[in-house]
Amino acid sequence: MLVIRNLNVAIGEKKILKDFSLTINAGEVHAIMGPNGTGKSTLASVLAGKAEYEVESGEVFFEGVNLLELTPDARALAGVFLAFQYPVEIPGVTTTNFMKAAVNAKRKHDGLEPLDAKSFLQLMNEKRQIVELDKSYLSRSINEGFSGGEKKRNEIFQMAMLNPKLAILDETDSGLDIDALRIVANGVNSLRTKENSFLVITHYQRLLNYIVPDFVHIMYDGKIVKTGDKSLALQMEEKGYDWVKEELAAN
Amino acid sequence: MSATMINEDFRTRAKAFLQTNGMPTSRDEEWRFTNLRKYFTDAVAPNSTSVELPAYYHNCEGNKIVLVNGVLDAERSQFDNTIEVTNTHPLLGSGIQEENYFTALNAANYTDALCISVKGENQPIHIFHIITKAEFVFPRILLSAKRSSSVVVNEFYTTSSTANVSAVIEVFLEENANVNWHAIQHDNGALNVVNHVEAQVARDARFQYVSLSQNSRFIRNTIQARLNGENAYASLNGFYQTDGESLVDNHVLIDHKVANCESHQLFKGLLDGEGTGVFNGKIMVHQDAQKTNAYQSSKAVLLSETATIHTKPQLEIFADDVKCSHGAAIGQMNKNEIFYFMARGIDEKKAAAILNYAYVVELYERVSDEKLKAYLIEKLKKESDIDF
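Read top to bottom, the protein sequences are chains H and C.
Take the first sequence: its position 62, counted from the start at 1, is 62 in my numbering, and no numbers get skipped.
Take the second sequence: its position 276, counted from the start at 1, is 1276 in my numbering, and no numbers get skipped.
Okay, derived cross-link-like pairs now, EDC-like style, lysine to aspartate or glutamate, Cα gap no bigger than 20 Å in a straight line:
{"no.": "1", "chain 1": "C", "residue 1": "K1381", "chain 2": "C", "residue 2": "E1370"}
{"no.": "2", "chain 1": "H", "residue 1": "K151", "chain 2": "C", "residue 2": "E1337"}
{"no.": "3", "chain 1": "C", "residue 1": "K1335", "chain 2": "H", "residue 2": "E89"}
{"no.": "4", "chain 1": "H", "residue 1": "K50", "chain 2": "C", "residue 2": "E1348"}
Covered by chain C, per the in silico footprint, the following chain H stretches (three or more residues, Cβ under 8 Å):
{"no.": "5", "region": "49-57"}
{"no.": "6", "region": "68-74"}
{"no.": "7", "region": "77-85"}
{"no.": "8", "region": "89-96"}
{"no.": "9", "region": "100-106"}
Listed next, with one range per pair, are the computed distances between beta-carbon atoms:
{"no.": "10", "chain 1": "H", "residue 1": "N125", "chain 2": "C", "residue 2": "S1368", "range": "31 to 37 Å"}
{"no.": "11", "chain 1": "C", "residue 1": "N1035", "chain 2": "H", "residue 2": "P35", "range": "54 to 60 Å"}
{"no.": "12", "chain 1": "H", "residue 1": "G111", "chain 2": "C", "residue 2": "F1079", "range": "50 to 56 Å"}
{"no.": "13", "chain 1": "C", "residue 1": "A1329", "chain 2": "H", "residue 2": "S174", "range": "25 to 31 Å"}
No lab work stands behind these hints: they were computed from the structure.
By construction, the Cβ of each residue, glycine as well, lies at the ideal position given by its N, Cα and C atoms.
Just need the whole structure built from these sequences, with the hints factored in.
Next comes the structure, spelled out in C-alpha cells:
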C-alpha cells in the first residue's frame, strides 16, 4: 500500500530524514517510536503534503501512485489521513460543516452524489459514538476551547467519518490521560480492517498496550535503525532510547 | 408628510463654516489615510435616471421608505401611521456636536430631511437610497426614538453608475429607547459615500449599529455614539471588504460622558487587490464617567501583497475607575488552517472560501433583524460558494 524508498527531506539547510525507507501493506499496523527531534513528525507531515519541507531525493508510492506529486487534498482524497499532533482551532467553522465539506469532497471524488442531510446526520451520530464525543462538540467551532483530549478525539472522529485507507497518527497519545487514551485507542481499533493500514507515531510504549502493532520500528537520526514486533516496544520502554544509541555506536 | 419650514439657523451656520473650511486633506488628522481627491475629482459620467429598487425591497415587510437622491419618493414609500414622518424637526442639526466639512456640506445643501419619530414597538423601517445622478446628493435623516420605544432601521444603497453621497444621520434615543441600525452598503462598485452617523443616547437606552461595506468604491463612515445618561449602551460594529482600488474608512467614536455605561466596538476587514482599509476607533471617557465598561476590537486580513490597512485605536480616559480594553490584529490567511482543510480532502480554493466566510459571517450575525440576517447570510453563502 505504502512504499517509501530512500527518502531524504530537509527544512532549509537542516537534513531531517536520511535515506528513510518503509513498506506498509494493507491491513498492517506499524508503530514508529523514537526520541524527540529524530524526524517522526516530519515524516508524518511530508506524507500529508505540508509545504515547508523539501524532499531532496527518494520516492513515496501509495497504491502505485507517486504521492509526492499530489497536493495535500489529492492525497487525502486518495485515502491518506493525518491525525494531527497539534490540531488547529478554527473559529467560525463548526465541525459539522467542516465534515460536510470533507465528506462531500470525498464523495464527489468517488463519483457519488452529496450525502443528504438525514444520512449525513446519521453518519455523524454513528461515528461520534466511536470516540464518545458528545453531540454538542460537533456544532461548536472546530477545536475552539477544546481540551487536549477532546482535540485528539475529534481527530479520530474525523478519521472515522472519512474512513481512510492509510491513517497516520502523529503522537495522538502525547499528553492524554488514561481515559482519553483508552477512548482514542478503542476508536482506532474499531476501524481496523483487513484493508486499512495504520502508521502510529509515538514517543511512548503505553499506547501500544491498547493499539497492538504488527511491527515496531525504532527511528533515530532520520531513519529506521531497528525493526521488530510488539516486544521491541517493551524492550525500548525498559531500556530507554540510550540503549539504541549505544548499540548504534558499538556497531 | 407635513411641510414645515426648514431650520434656517443651522443651515446658515453650516454655510458660514464652509466659507472658512474647504474639503479636508491628508494634513487633517481625521483624514490622514484617506485621499478624498482621488475619489471625488473624477470626470463625472452621465448617469442613468432609472435605477431599479434592490430585490430586498420586494421581500421585506414593515415600513419602506425610498429616497431618490435624498428626497422622499412618496409613491414607492409605504409606512403605517405608527411612525411619524416629516421633512423637518425641531432637533434637526442639534445632534451634531462638532461640525465638520461634510456635515456642513450636507446642512448647506440638503433639500428635504427625512425625519422619523417612533413610539412603542415598531415594525422595521427600511430606507432605500436610490442615486440617479452623478452630482453630490445629500440625504439627511433624523430618527427620534421616544421613551421606551424600540425600532430596527435597515438602510440600503443602490446606484447604477458613479454616485457621490454625503449623508448625515442624527439619532436621538430618549430614556430606555432601543435602536438597531443596519447600514447595508453593498453596491455595484460605483458608490462614493461619506456617511456621518451620530447617536445621542439617553439613560437606559441602547443603540446598536452594524455596517456591512462591500463592493463600493469609496466609503467613509463616521459613526459616533454619545452616551449622555447613566446605564446607556452602545455597540458599533462593521465589516468592510475592499478590492481593486476601493477604500473603506471607518472612524468610530464612543463618547462616555457619564458613569455606568457600556460600549462595544467590533470591526473586521477583508482587503484584497490594491484596496485600502482604515479603522480609527476612539473611546473617550470623561472624568465623571466612572464605572465605564468599554471594549474595542479590530481585525483585518490582507489577502494580497498590495492591500493596505491603517489601524488606529485611541483611548482617552480621564476617569480612574473604568474597564477599557482594545485589541487590533492584522494578519494574512492562516496557512495552517488551509492545510488542515486540505488534509481532509478540501481543495485550497474551497478552504479559503470557507475560512473567509467564517470570518465575515460573525458581523452578519450581529444583524438583529432576523429576516434581513437570513437574507444577507443566504446571499453571502451564494457569493462565497458555501453549500452548508
